Amino acid sequence: MEEIYAKFVSQKISKTRWRPVPPGSLQTTETFATGSWDNEENYVSLWSIGDFGNLDSDGGFEGDHQLLCDIRHHGDVMDLQFFDQERIVAASSTGCVTVFLHHPNNQTLSVTQQWTAARHHTGPGSPSCSSAPCTGIACSNPEIVTVGEDGRINLFRADHKEAIRTIDNADSSTLHAVTFLRTPEILTVNSIGQLKIWDFRQQGNEPSQILSLTGDRVPLHCVDRHPNQQHVVATGGQDGMLSIWDVRQGTMPVSLLKAHEAEMWEVHFHPSNPDHLFTCSEDGSLWHWDASTDVPEKSSLFYQGGRNSTFLSHSISNQANVHQSLISSWLITDPTKDRIEITSLLPNRTLSVNSLDVLGPCLVCGTDAEAIYVTRQLFS
Amino acid sequence: MEELDSEPTVTLIPGVNSQKKQMCFDWGPGEMLVCETSFNKKEKSDMVPGCPFIHIIRKNEDVYSQILRKLFNESHGIFVGLQRLEEELTGKSRKTQLVRVSKNYRSVIRACLEEMHQLAIAGKDPAIGRQFSIQVSSLSAMELIWNLCEILFIEVAPAGPLLLHLLDWVQLHVCEVDSLSADVLGSENPSKHERFWNLVTVLVLQGRLDEARQMLSKEADCSPTSAGMCRILGDLMRTMPILSPGNTQTLTELELKWQHWHEECERHLQDGTFASSPHLESLCKVMLGDEAALLEQKGLLSTWYHFLVTRLLYSHPTVKPTDLHFYAQSSLDLFLGGESSPEPLDNILMAAFEFDIHQVIKECSIALSNWWFVAHLTDLLDHCKLLQSHNLYFGSNMREFLLLEYASGLFAHHSLWQLGVDYFDHCPELGRVSLELHIERIPLSTEQKALKVLRVCEQRQMTEQVRSICKILAMKAVRNNRLGSALSWSIRAKDAAFATLVSDRFLRDYCERGCFSDLDLIDNLGPAMMLSDRLTFLGKYREFHRLYGEKRFVDAASLLLSLMTSQIAPRSFWMTLLTDALPLLEQKQVIFSAEQTYELMRCLEDLTSERPVRGEPDAQQLQAFCF
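Top line first, the protein sequences correspond to chains S and V.
The first sequence begins at 1 in our numbering and counts up by one.
The second sequence begins at 1 in our numbering and counts up by one.
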């Protein structure tokens, strides 16, 4: 971790996302979007880290990120995803889902679509259509899936005014996050510690599979799927525990790793180096988990004054009948053989790190201390 | 209580006719609520509809400024770091650390200053530009004061280095020199520039003698007549003894050398070496520390503290810190010359020169618009062990008082409350209590925010607050029919009573609908089932249904019986349970053993003896089947 640049931006950042690069392009990403929360006026903003060619008079902040454009957003930004190169989908605490379009010529953002009434509570005590916050979004062009505190799953398609499919009362508790497994299948995590898999090809309102821990029902806050192996999923919980699951196998996680001291807000596999995993948490730290089974010299590359500790993974299920060649390094359970190296990436403890994103050699994260940290040399 | 030296400002409430109507108000933590009443100033009460709004008035606008938010956030990081380094160091390294912290704070102020300055000159709206300019001057005054406090109180520079620090201080804060220098040097013929001598004088006033010499050599090149004089003056400048940082001279040596040099300058002046050039002569007088000559340069000095430092440089370079205030007072008086009275900033600086920290803090509190500056400065000075604990009327000391005020101001902001938490943490006497009161009042619009607040409370073992917040959220969930959420909140708060409430809700739904809702929750309760008896019953009852569905009747039967005999089932539910036993009794094969059947009957008798009217037909049916 060579250089990490911090910038204070006068708004608490709830989500940061890199803009995807066009497939087949050799460039690294240069733009990221952020969403703010807990402000009277919240904004979705686009930032650029591109080199500006000219250095400033005081030695040049060539690594500093600059604001390109922003647009007002009603309610807190609860989740943010890039739908494609130009469109960003944002989920709001008012229950509304908005699609923003970025115009590169004049560097502005505008609203192209909005679904407002999709999320509400129904109940004897609540007034009809009292809004419920939308907590998670997953995009897979052309579909957008959203989940929220009302336990409902909505499936939208861009350019369609109404939801294509709604699964009412999919969950009796809050759904915190959602991700696509394969295209017609999604996986949700909720606040009683369950993973549920839903298949949109089926008509009913029941999940096709439920997985959970046997112990305490700790709420799960985030989920991410392994980029290459669609059955491997990582989740982060309220107690800061990182769990790796194999959804084909049984109903229990493959490994449980004690990680942070407080809620883990986001977990991400690196899209092109899936042996690397990143987590961020309410306790103000961002960790880089390296499970690649290279020669030990690599450990020196990651020790840059950050905390460097080696953990052994605990495994609680039997993997006897899975072929060795197909296992990703996250599913290996022999504690004597594999060691996961963990590095803390932020220079000093700060308030909660709410969000992070990785793409290529770049990492961005946003904190409650109103700062955005960017590094472009993740694997230097 | 001192008198205010200015009239309080009047704020007009839009929409309210204050001539005719009266207003009522109420104080909040950082704001005031105002609305119109139906009372009239005149006697007869008018039924004229007035302004229907309630207005919120905020005094502390700074908290809402975008740029100052960066100041608050960055300084929060420095503050927390300072509290943490407290215990580790002693002695010299501690002092270095504290000086570094002070410089960090100052660089944060400077960064904000720069940004605001950019905005002030770039903005198109003159009113906003003016506002920014006011902020800029306020921030630069803060940095000035902080810098001086750093030199005098934190760095505690002794005689000798003290003057060097003061010179740096002045050089940093009088920045017109650089632009003037660029201006003059950039012109074709610098020595013929109209402000050339201004520049040279200013350089001499600031003690930048090397640069002044370079200027003089340019002048010497241009006009050969004064070349000789320039050379002599240049030599005098070069040979002036100063204490450089790495120098090992003692103070006494320096003084002697300086005395010698001073006499040489005096000699040149009396010999009339510079008589033919008034500029050079006045420069020489300045270098001799002649007060009259210095006062002539009031325009270039622009402030009395510049005058003070220059005067010290050229007449008392080895001034001791304790003697500073004599010179400061006389400099102030001489500079102002009775024409104007000292401004608040002057009073603050004077108090600093007199080493009266409490006076500095007090004056800053009055003069500045928010508590940021005094809170952080006092905290830093407290770490330098400079503040005796002054007991204020409410028992806490000054540092804590200021931090509490600052943190309360942060809590009044919708977003900066998270910073306030750390400040309360480091107020040993009243911090925790204040935090408890404030944290319950944060509006919770989403679960994510609630989780953050809860984490803050749990980390500090504030169980009461955790319980009350979870209860609010659980009630909201129940009202919205999110029973799973309600249950997870009551598990978090370990609130057995609420778990009972949720379970009752489930059971009621079952009775009404004949089937369970939210099976995914009840089937997977896990160890949380133990939280309350009712919840355990709910889980077990569902298990009974499951066993029944799987046709494991014997297990189902014994479970059902145990539910009644172990007193876990609520009485109101017993009839339902007994009714559930009916189909088991009706089975062809014997499911209940003899003992179990006796137990069943006993339960039934218990039940019917209490309620003789209701449930009779079923009871009879049950009795029939038992025999």
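A couple of the hints might just be wrong.
Straight-line distance between alpha carbons at most 20 Å, and here's what the computed SDA-like set of lysine to any residue pairs gives [unchecked claim]: (1) K588(V) to E543(V); (2) K70(V) to I4(S); (3) K70(V) to F200(S).
A few chain V positions that, by computed beta-carbon distances, are all more than 12 Å from chain S [to be verified]: (4) C24; (5) W27; (6) K257; (7) N347; (8) L525; (9) S558.
Label pairs and their calculated CB-CB ranges [to be verified]: (10) N205(S) to L430(V): 24 to 32 Å; (11) C35(V) to E206(S): 48 to 56 Å; (12) N348(S) to L185(V): 55 to 63 Å; (13) R72(S) to C51(V): 25 to 33 Å; (14) N348(S) to L430(V): 24 to 32 Å; (15) F180(S) to F553(V): 50 to 58 Å; (16) T251(S) to T96(V): 14 to 22 Å; (17) E550(V) to N273(S): 29 to 37 Å.
Hints are computed from structural coordinates only; laboratory data are not their basis.
Note that the structure is predicted; figures quoted are calculated from it, not measured.
Cβ coordinates follow ideal geometry from the N, Cα and C atoms, glycine included.
Hint check:
1. K588(V) to E543(V): violated, 23 Å
2. K70(V) to I4(S): holds, 18 Å
3. K70(V) to F200(S): Given that 20 Å is the threshold and the Cα spacing comes to 46 Å, the pair is violated.
4. C24: holds, 26 Å
5. W27: Holds, because the least Cβ-Cβ distance between W27(V) and chain S comes to about 22 Å, which exceeds 12 Å.
6. K257: Holds, because the least Cβ-Cβ distance between K257(V) and chain S comes to about 38 Å, which exceeds 12 Å.
7. N347: Holds, because the least Cβ-Cβ distance between N347(V) and chain S comes to about 33 Å, which exceeds 12 Å.
8. L525: Given a closest Cβ separation of 7 Å, the condition is violated.
9. S558: holds, 24 Å
10. N205(S) to L430(V): 24 to 32 Å: violated, 53 Å
11. C35(V) to E206(S): 48 to 56 Å: Roughly 53 Å apart at Cβ, these two residues keep to the hinted range, so it holds.
12. N348(S) to L185(V): 55 to 63 Å: violated, 43 Å
13. R72(S) to C51(V): 25 to 33 Å: holds, 28 Å
14. N348(S) to L430(V): 24 to 32 Å: holds, 28 Å
15. F180(S) to F553(V): 50 to 58 Å: The hint (50 to 58 Å, Cβ to Cβ) is violated, given that F180(S) and F553(V) are roughly 44 Å apart.
16. T251(S) to T96(V): 14 to 22 Å: This hint is violated: roughly 58 Å between Cβ atoms.
17. E550(V) to N273(S): 29 to 37 Å: violated, 47 Å
Checked against the numbered hints given earlier, the structure breaks hints 1, 3, 8, 10, 12, 15, 16 and 17 and satisfies all the rest.
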